[in-house]
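Which chain is which? The protein sequence lines are A and B, in order.
Sequential numbering from 1 applies to the first sequence in UniProt numbering.
Sequential numbering from 1 applies to the second sequence in UniProt numbering.
No lab work stands behind these hints, which were simulated from the structure alone.
One thing to keep in mind: the hints can contain errors.
Chain copies aren't distinguished; within one or between two, either way the pair holds.
No more than 20 Å apart at the CA atoms, straight line, and that leaves these computed lysine to any residue pairs for SDA-like [as the list claims (entries may be wrong)]:
1) K163 - T82
2) K163 - G91
3) K163 - E11
4) K163 - D133
5) K163 - N131
6) K163 - R103
7) K163 - H132
8) K163 - S249
9) K163 - A214
10) K163 - R68
11) K163 - E196
12) K163 - A59
13) K163 - R269
14) K163 - D109
15) K163 - V39
2 protein chains.
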Amino acid sequence: MGRFVTIDDPEDPRIADYRAIRERDLVGRRELFIAEGEVVLTTLIASRRHRPLSLLLDASRVAGLAERLATVEADVPIFVATRSVIDAIAGFPLHRGILAIGRRGALPDAAALLAGLGDRATVVVALGIANHDNMGGLFRNAAAFGADAVLIDAASCDPFYRKAIRVSVGHVLTVPFARIAAEVDPLGLLAAAGFEALALTPSGGEALAGLEPAARTAALFGTEGPGLSADLLARTRRVTIEMAPGVDSLNVATCAGVVLHRLATAPRRA
Amino acid sequence: MGRFVTIDDPEDPRIADYRAIRERDLVGRRELFIAEGEVVLTTLIASRRHRPLSLLLDASRVAGLAERLATVEADVPIFVATRSVIDAIAGFPLHRGILAIGRRGALPDAAALLAGLGDRATVVVALGIANHDNMGGLFRNAAAFGADAVLIDAASCDPFYRKAIRVSVGHVLTVPFARIAAEVDPLGLLAAAGFEALALTPSGGEALAGLEPAARTAALFGTEGPGLSADLLARTRRVTIEMAPGVDSLNVATCAGVVLHRLATAPRRA
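Isolated chain A, as found in the complex (with noise of 0.2 Å):
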């Protein structure tokens, strides 16, 4: 258990962590991350990759925590407040009354991470995702299809972010991820690990429909607008989701939901 700090003052020096978050998460302490809710915090104590380092909690929120919060270290500081001194700290209202801030694991090297993956995988590669909205979803879809890691390249935002943890349901906690150096060709690395890379065109690819995909498959996400470069999408097995005449594009997430989901159901190329 956590040792309880009730704290009457939101300009206590022992909370300046959590004064203001939504501007701080924006300039990025990038080893520390701001837990919101009550499933990413549990999440976040169920983790072994990553650690709380303390909790803010409405005093209303405390007693139907508990059993969650007898698993937490005793040196972990349990903040306790009350709502309007939380607002105030927070800076915002705060309607579900429970943050903390945890300190990420160290990421693993992306050829070391595709390398342990089984031989039949799937992987969802991130390029230039700088919306953190569907960064989240991209995490969450991924969790929810049982997709086995995810890869960031360099143009995209930063999972941690408060809001895109809050947009995965904690799952960028759960997932497996992590970054593709810049300078590293991301179809390289994939073909390297003998992962085939399936990538979406809004016309002429196979149809998603009827894909067999390879034991180890890798699914390319791109930004909304431009989408994938031509030259990038050369280099792929190209995709196409079945859509109606004069519509060509869905958000990225759904996008990735739609495809995962057949990439989990889909009988495999040996």
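Based on the hints, put chain B in the right spot on chain A.
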């Protein structure tokens, strides 16, 4: 071509309808709606059901829109202002510099809308969808996968809310939809029109990947948390999206995308 009117003063009474739109569309003037951005404006101008009452454009956007503005009726004012005047009018930085006020066409009766659809038809039914992003996502995915109509119960939010229209990429204006009155049983309405109702359940339903839908199929989508009521589920054909163990939920718009892709590509029962 609409008639151009230059606006220099954010307090000009002629653009009163645009003032503080972020708060304004929350209060719901149900016959009007705000269209934002180039894609939605283009959809509105082309719509036969919904009509623009006026436009408010950043002066720097006018030249690029000339072709589309040429098809706006002559009595529709096209207000043109500098970026700073527009931001002052709207009450927040309006990055796209394109706004319009539209008047919505009359909604069809739900039973009449269903009766008019083809022998092979897909309908999306939104039950208690209170989040505007999710509502917009439902319409976007309905359009992407060629759904023929959307039905919305009395507990769902207004799809004509600015953000829902924007997230739908304008498809709130293109997909036929109707409201189900509070006193009407959605399943009775669907059955009377010969539609089989599908509902999602986390486990125990038919696997989505093998689903053979009826020729006329309605897919029901409820709120993310509680989902559809047990009573309602018991009266539907229940379908389960194959998900990883321990994960039992998807964002409702993603969920609709996955289901509608199957409905668009599956063989249909007679």
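Quick one: K163 to R68, C-alpha cut-off 20 Å, is that within a copy, between copies, both, or neither?
neither (23 Å within a copy, 37 Å between copies)
Have a look at K163 and R269 and pick one of within, between, both or neither, based on CA distance no larger than 20 Å.
Neither. Shortest intra-copy (37 Å) and inter-copy (43 Å) distances fail the 20 Å Cα cut-off.
One pair to classify: K163 and E196, alpha carbons no more than 20 Å apart. Within, between, both, or neither?
neither (31 Å within a copy, 38 Å between copies)
Taking 20 Å as the upper bound on the Cα-Cα distance, should K163 and V39 be classified as within, between, both, or neither?
So K163 and V39 pass the 20 Å test inside one copy only (14 Å; across, 26 Å).
Could you figure out if K163 and A214 sit no more than 20 Å apart (CA to CA) within one copy, between two copies, both or neither?
The answer is neither: 34 Å in one copy and 40 Å across copies each exceed 20 Å.
Checking an output row: K163 and E11, CA cutoff 20 Å. Within, between, both or neither?
Classified as neither: same-chain Cα gap 24 Å, cross-chain 36 Å, threshold 20 Å.
Can you give me the call for K163 and D133, within, between, both or neither, at a CA distance of at most 20 Å?
Both, since 7 Å and 15 Å are each at most 20 Å.
Given a CA cutoff of 20 Å, do K163 and S249 count as a within-copy pair, a between-copy pair, both, or neither?
Answer is between; shortest inter-copy Cα gap is 18 Å, intra-copy 24 Å.
Status of R103 relative to K163 across identical chains (alpha carbons, at most 20 Å):
within (16 Å within a copy, 35 Å between copies)
Is it within, between, both or neither when you check K163 against G91 at 20 Å Cα-Cα?
within (15 Å within a copy, 24 Å between copies)
When no copy is named, should K163 and N131 be tagged within, between, both, or neither for a Cα gap of at most 20 Å?
both (10 Å within a copy, 16 Å between copies)
Indicate which option fits the pair K163, T82 if close means a Cα-Cα distance not exceeding 20 Å: within, between, both or neither.
neither (23 Å within a copy, 33 Å between copies)
Consistency note: the structure conflicts with the earlier hints numbered 1, 3, 9, 10, 11, 12, 13 and 14.
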